[in-house]
Amino acid sequence: MNRRHFLMGTAAAAAMRSSSLASANDTVRVACVGVRGQGRSHIGHYARMDNVEIAAICDVDESILNQRINDVEKLGKKRPAAFTDLRKLLEDKSIDAISIATPNHNHTLQTVWGCQAGKDVYVEKPCSHDMFEAKQIVAAAQKYNRIVQHGTNCRSGVAREAVDKIREGLIGDVYMSRGLCIKWRDTIGRKPVEPVPAGVHYDLWQGPAQEHPFTRNRFHYNFHFFWDYGNGDLGNQGIHQVDMARWGLGVKYPTKVSAMGGHFMFDDDQETPNDITCMFEFDDAGKKKFMNFEVRHWMSNHEGGLNEGTKDSNTIGAMIYGSKGYMVVSDEDHGTYTTFLGREQQPGPERKELGNNWANFIEAVRSRKHSDLNAPIEEGAISTTLVHLANISYRLGRTLDFDADTYSCKGDPEANAMFKRDYREGFVVPDNL
Numbered sequence: 260m261n262r263r264h265f266l267m268g269t270a271a272a273a274a275m276r277s278s279s280l281a282s283a284n285d286t287v288r289v290a291c292v293g294v295r296g297q298g299r300s301h302i303g304h305y306a307r308m309d310n311v312e313i314a315a316i317c318d319v320d321e322s323i324l325n326q327r328i329n330d331v332e333k334l335g336k337k338r339p340a341a342f343t344d345l346r347k348l349l350e351d352k353s354i355d356a357i358s359i360a361t362p363n364h365n366h367t368l369q370t371v372w373g374c375q376a377g378k379d380v381y382v383e384k385p386c387s388h389d390m391f392e393a394k395q396i397v398a399a400a401q402k403y404n405r406i407v408q409h410g411t412n413c414r415s416g417v418a419r420e421a422v423d424k425i426r427e428g429l430i431g432d433v434y435m436s437r438g439l440c441i442k443w444r445d446t447i448g449r450k451p452v453e454p455v456p457a458g459v460h461y462d463l464w465q466g467p468a469q470e471h472p473f474t475r476n477r478f479h480y481n482f483h484f485f486w487d488y489g490n491g492d493l494g495n496q497g498i499h500q501v502d503m504a505r506w507g508l509g510v511k512y513p514t515k516v517s518a519m520g521g522h523f524m525f526d527d528d529q530e531t532p533n534d535i536t537c538m539f540e541f542d543d544a545g546k547k548k549f550m551n552f553e554v555r556h557w558m559s560n561h562e563g564g565l566n567e568g569t570k571d572s573n574t575i576g577a578m579i580y581g582s583k584g585y586m587v588v589s590d591e592d593h594g595t596y597t598t599f600l601g602r603e604q605q606p607g608p609e610r611k612e613l614g615n616n617w618a619n620f621i622e623a624v625r626s627r628k629h630s631d632l633n634a635p636i637e638e639g640a641i642s643t644t645l646v647h648l649a650n651i652s653y654r655l656g657r658t659l660d661f662d663a664d665t666y667s668c669k670g671d672p673e674a675n676a677m678f679k680r681d682y683r684e685g686f687v688v689p690d691n692l
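Taking our numbering, the leading residue of the sequence shown gets 260, the next gets one more, and so forth.
Quick caveat, the hints were computed from the structure, so don't treat them as lab data. Quick caveat, the model's predicted, so the values are computed rather than measured. Every clue listed holds true.
Using 20 Å as the maximum straight-line C-alpha spacing, the simulated EDC-like pairs for lysine to aspartate or glutamate come out as follows:
1. Lys611 <-> Asp423
2. Lys511 <-> Glu638
3. Lys679 <-> Glu470
4. Lys583 <-> Glu427
5. Lys511 <-> Glu540
6. Lys669 <-> Asp542
7. Lys336 <-> Asp309
8. Lys450 <-> Glu470
9. Lys424 <-> Glu609
10. Lys583 <-> Glu420
11. Lys511 <-> Asp542
12. Lys548 <-> Asp664
13. Lys548 <-> Asp662
14. Lys337 <-> Asp285
15. Lys548 <-> Glu638
16. Lys515 <-> Glu673
17. Lys352 <-> Asp285
18. Lys511 <-> Asp664
19. Lys337 <-> Glu312
20. Lys547 <-> Asp664
21. Lys333 <-> Glu312
22. Lys511 <-> Asp660
23. Lys611 <-> Glu420
24. Lys679 <-> Asp660
Could you put together the complete structure from these sequences and hints?
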């Protein structure tokens, strides 16, 4: 059977099973994919849910894979099936959903594969490695009618209430937002080329990216700081606050993007900037709006009251400004918003509560309603494009004029050429799904 017929058959079988998940008593069988770092938290969330079974775990590092299999059993759960190749896992028609926490460069392709195989998908942020993939991941979810949740967790927390209050006019006419990702990031040093460790399926790990010799810095967490795999801290931690700042401002795609920064202090292997300031201009039905975003890697002040009074050296959150006041939303301190009204900055409504993006995903898997998703892939993809456009502006050293209708930068073929990468054979995100 060729791959096309396999996918059609698998999708049909999975669709029939998904359509039967009509009540909370039906067990949702989830496979966790990429489980060293953030993927470990996926396991923890699903393991605490009623009538959710972690049916399989997939990781290209066999040592990590075996650890997580044991972790699930220690939680008193049934031993999951083990896979190193996601394509093999997707052949299992009993799997309802996959939960992806692999490196960024694999997110879109693995989501597309999952959708084609009839699985619902939870995909970590950022949902794509580049602009082209941000379009294709949405197209795949829509074509195959899958439930696809993006891992911008704040959308399932108290920030939802904060945005509702902004929309109700609490802080007046909103015109500007500011996001901050100030997180202590020490040097990654330099690591030599070495043989691929035993049990690591490095070809699968590289996936769509161009082939490189193995080094410890390109593997596991530090992939974030290499352009072939990651998007810098702007697309790592920063995407959460980019999403919050855009959401609070009530806008979609920008019309102008400008970013500058650099890699300061360290002489190491890192390719991406550790400090970057990004500016986004929006046209909201003829009204100009503005968003500023900063990533910093070292010692800094606590802006907007974020994390003040704590031992945490990070300053992570978003501030939304209106004609009657401003609001500060932090997802670092378990999900908090505070409001300051008038020139005297009188205290307004505030609340602290941590939501659960994974539980919301499972609810939508059961209901089969895309509208039940708090962080739908369509919104995740828009916020992810802001990250990509800012990184392109930084790398080219100029302002970009973006046209959402044509999904291109006006008069800038060099920028547009950076919207899509060259894929390795066997790991191609297709132009036509």
